[in-house]
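**Student:** Below are the chains, spelled out letter by letter.
There are 2 protein chains.
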Amino acid sequence: MKCRVCRGPAVIDLPRHNANFCPEHFTRFCRDQVERAISDFDMMQPEDRILVAVSGGKDSLAVWDLLLGLGYAADGLYIGLGIGDYSDTSGGYARRFAQQHAEPRGAKLIEIDLVDDYGYDIPGGARAARRTPCSACGLSKRHLFDRAALDGGYDVLVTGHNLDDEAAVLFGNVLRWQTDYLGRQRPVLPARDGFPRKVKPLVRLSERETAAYCIVSGIDYLVDECPMSAGNKHLGYKEALNEIEVRSPGSKADFYFSFLRRAVDRFAPEPGTGDADRADPGVLAPCARCGSPTSTEVCAFCRLVERAGGSPPDDTPARPVTLGRRGGPDPTGTPSP
Amino acid sequence: MKCRVCRGPAVIDLPRHNANFCPEHFTRFCRDQVERAISDFDMMQPEDRILVAVSGGKDSLAVWDLLLGLGYAADGLYIGLGIGDYSDTSGGYARRFAQQHAEPRGAKLIEIDLVDDYGYDIPGGARAARRTPCSACGLSKRHLFDRAALDGGYDVLVTGHNLDDEAAVLFGNVLRWQTDYLGRQRPVLPARDGFPRKVKPLVRLSERETAAYCIVSGIDYLVDECPMSAGNKHLGYKEALNEIEVRSPGSKADFYFSFLRRAVDRFAPEPGTGDADRADPGVLAPCARCGSPTSTEVCAFCRLVERAGGSPPDDTPARPVTLGRRGGPDPTGTPSP
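If you read the sequences in order, they're chains V and E.
Heads up, the first sequence is in our numbering, so the first residue is 1 and it goes up one at a time.
Heads up, the second sequence is in our numbering, so the first residue is 1001 and it goes up one at a time.
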């Protein structure tokens, strides 16, 4: 197996690209794919200040490393979720990456700890709020990532969602034809009042490719799936798509990118039509507790914290935000990597 | 396991309906589902003359039996495809059903034989026309079924596509976002000049249910898959959907019916827009050989017959047909059951 570029010994084969690569040219391939995603979808500008949502897993560490390698000013944000050993371990990977790969390039890791800072953890918060753990986790992370990006003056919030993530979420949304989610499932969610711009630079790379990128780049990452995600439907959707990909390499990328080219616009919300399937998410007001945009008096995050018996840090400003139409919940429905 | 209706011993469990049934009430359940499909999608009227495309498999024999049971005047049409033993055996099942179940109710089986009547078979035709066997078979059956329905003065052509078929085809069309096919994937294709009305009364019944219907109704059917369908992608799509169905009963029906409720209209062709993704199939002219509507001088079927060294029966009229917009190829892309 020889590298397509230099004919040296290849370490990975990519059937959907009909190519094999050596470590050096695989790294370059990954960088090219990220550059192309950023360019194709106009994700960010060279001068932007970027905040990367970091979990300690392969995707978030790979995207942070790739953006730093491309010269972006990208800090990381790690949220300790209080999921036992899993959180302790994942935090360790995030901190080690920051010390070894980010700080030498002038970037820092910001940390928030749910238990220390907000007085609850995901297992307890989920029970108290009668949500699934993935729902309580997604809600907490979206709120805190959004807030940190805005409060820290970042231009863009980056998440490590890869091609497999996006294809699986698309499959889930298509299986139920959730037209409102389909209309918003794009690799870029533009900034709106109270919500930062959110982008997914890894959409052109598969899970296997981000894992391989970390390995050849000497990045240690947490391999384990979150112990609370057992039975998560998205894992089943990924398996189904993987079987199809094995039979027809490229199917997954074709599914996702032809959706963006030919279908997503057909599901775009039409504000004010009163069509329930193209729901207008409506005008939001600031949460009475934290000032974040919400359709209820107190936002879902503050209600979760309250039910779980926690409270926000004393120094949290009840930030008044200019409010307009809502960006809405992340249609991905999955925990951010 | 007890029947939901009479509490007698049940012979089948239907997880997606959260119900078990005895033979009698399962038969009634199947009839109700077919009646509901006919009514929901306005498939046909009680006085319509119906032609059922019959293969000798479970679906086509079940739908023929169910329609006769509901009092419809429904003849069958069997096409001998010349696929070795498979065709000999399937013809036997079709004829036996006709003798035992259809003729006693005043219905007849019409037969066409590709080899005897047109001088070619599917394996040879596929090779000669450089098509896959499934493509040559689908083309031949569509042409001959359409033609027989129109020439015989039938109001409706019925095919035995079941829920699994439709969901798998939808999945295939969605995987590539084939927007033109998506816009036409409905359980009813209205009649157009040169094309009969086509309907699929089994869309509310799964493959497992049509098989069970045949068994409890004493209908012998050909169990084997067509030997030429090995590697057919739709079998892979069915497997993928079946795995999802096992985890979440009802997923398959939800996928298909929520598509019809909320999405299909978004893919409807817009004639004359010049939008390649919403292609106007264009105006057709009669085939110079057979008179069927086509976008080329000689239709694809007549070209297939010619390349395969065959010829139409001497008594085939070059039927002049009034032509308008084309119904287009069947977006199902699968061989009719």
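There could be a bad hint or two in this list.
Said to hold, decoys possible - Negatives, chain E to chain V, calculated, CB over 10 angstroms: (1) L1070; (2) Q1099; (3) R1130; (4) W1177; (5) R1184; (6) V1223; (7) G1236; (8) Y1237; (9) A1240; (10) L1241; (11) D1254; (12) A1263.
As the list claims (entries may be wrong) - Derived SDA-like pairs: lysine to any residue, alpha-carbon spacing no greater than 20 angstroms straight-line: (13) E/K1238 <-> V/R176; (14) V/K233 <-> E/K1108; (15) V/K238 <-> E/N1242; (16) E/K1233 <-> V/G250; (17) E/K1233 <-> V/E239; (18) V/K233 <-> E/N1242; (19) V/K238 <-> V/D220; (20) V/K233 <-> E/A1148; (21) V/K233 <-> E/P1015; (22) E/K1238 <-> V/E243; (23) V/K233 <-> E/E1239; (24) E/K1233 <-> V/G138; (25) E/K1233 <-> V/S258; (26) E/K1233 <-> V/V246; (27) E/K1238 <-> V/R247; (28) E/K1108 <-> E/G1138; (29) E/K1233 <-> V/K108; (30) V/K238 <-> E/R1176; (31) V/K233 <-> E/K1238; (32) V/K108 <-> V/D146; (33) E/K1238 <-> V/P249; (34) V/K238 <-> V/G138.
To be verified - These stretches of chain E come out as covered by chain V in the derived footprint (C-beta under 8 angstroms, 3 or more residues): (35) 1054-1065; (36) 1242-1253.
These are computed hints drawn from the structure, not numbers from a lab.
Glycine included, each C-beta is placed from N, C-alpha and C at the ideal position.
**Student:** Next step is simple, just say for each hint if it's right about the structure.
**Tutor:** A quick look at each hint next to the structure:
no., hint, verdict
1, L1070, "holds (30 angstroms)"
2, Q1099, "holds (42 angstroms)"
3, R1130, "holds (21 angstroms)"
4, W1177, "violated (4 angstroms)"
5, R1184, "holds (15 angstroms)"
6, V1223, "holds (25 angstroms)"
7, G1236, "violated (6 angstroms)"
8, Y1237, "violated (8 angstroms)"
9, A1240, "violated (4 angstroms)"
10, L1241, "violated (8 angstroms)"
11, D1254, "violated (6 angstroms)"
12, A1263, "violated (5 angstroms)"
13, E/K1238 <-> V/R176, "holds (17 angstroms)"
14, V/K233 <-> E/K1108, "violated (49 angstroms)"
15, V/K238 <-> E/N1242, "holds (14 angstroms)"
16, E/K1233 <-> V/G250, "holds (14 angstroms)"
17, E/K1233 <-> V/E239, "holds (17 angstroms)"
18, V/K233 <-> E/N1242, "holds (14 angstroms)"
19, V/K238 <-> V/D220, "violated (24 angstroms)"
20, V/K233 <-> E/A1148, "violated (47 angstroms)"
21, V/K233 <-> E/P1015, "holds (18 angstroms)"
22, E/K1238 <-> V/E243, "holds (12 angstroms)"
23, V/K233 <-> E/E1239, "holds (17 angstroms)"
24, E/K1233 <-> V/G138, "violated (36 angstroms)"
25, E/K1233 <-> V/S258, "holds (19 angstroms)"
26, E/K1233 <-> V/V246, "holds (12 angstroms)"
27, E/K1238 <-> V/R247, "holds (14 angstroms)"
28, E/K1108 <-> E/G1138, "violated (24 angstroms)"
29, E/K1233 <-> V/K108, "violated (49 angstroms)"
30, V/K238 <-> E/R1176, "holds (17 angstroms)"
31, V/K233 <-> E/K1238, "holds (18 angstroms)"
32, V/K108 <-> V/D146, "holds (18 angstroms)"
33, E/K1238 <-> V/P249, "holds (18 angstroms)"
34, V/K238 <-> V/G138, "holds (19 angstroms)"
35, 1054-1065, "violated (count 0)"
36, 1242-1253, "holds (count 5)"
Comparing the model with each numbered hint stated earlier shows that hints 4, 7, 8, 9, 10, 11, 12, 14, 19, 20, 24, 28, 29 and 35 do not hold.
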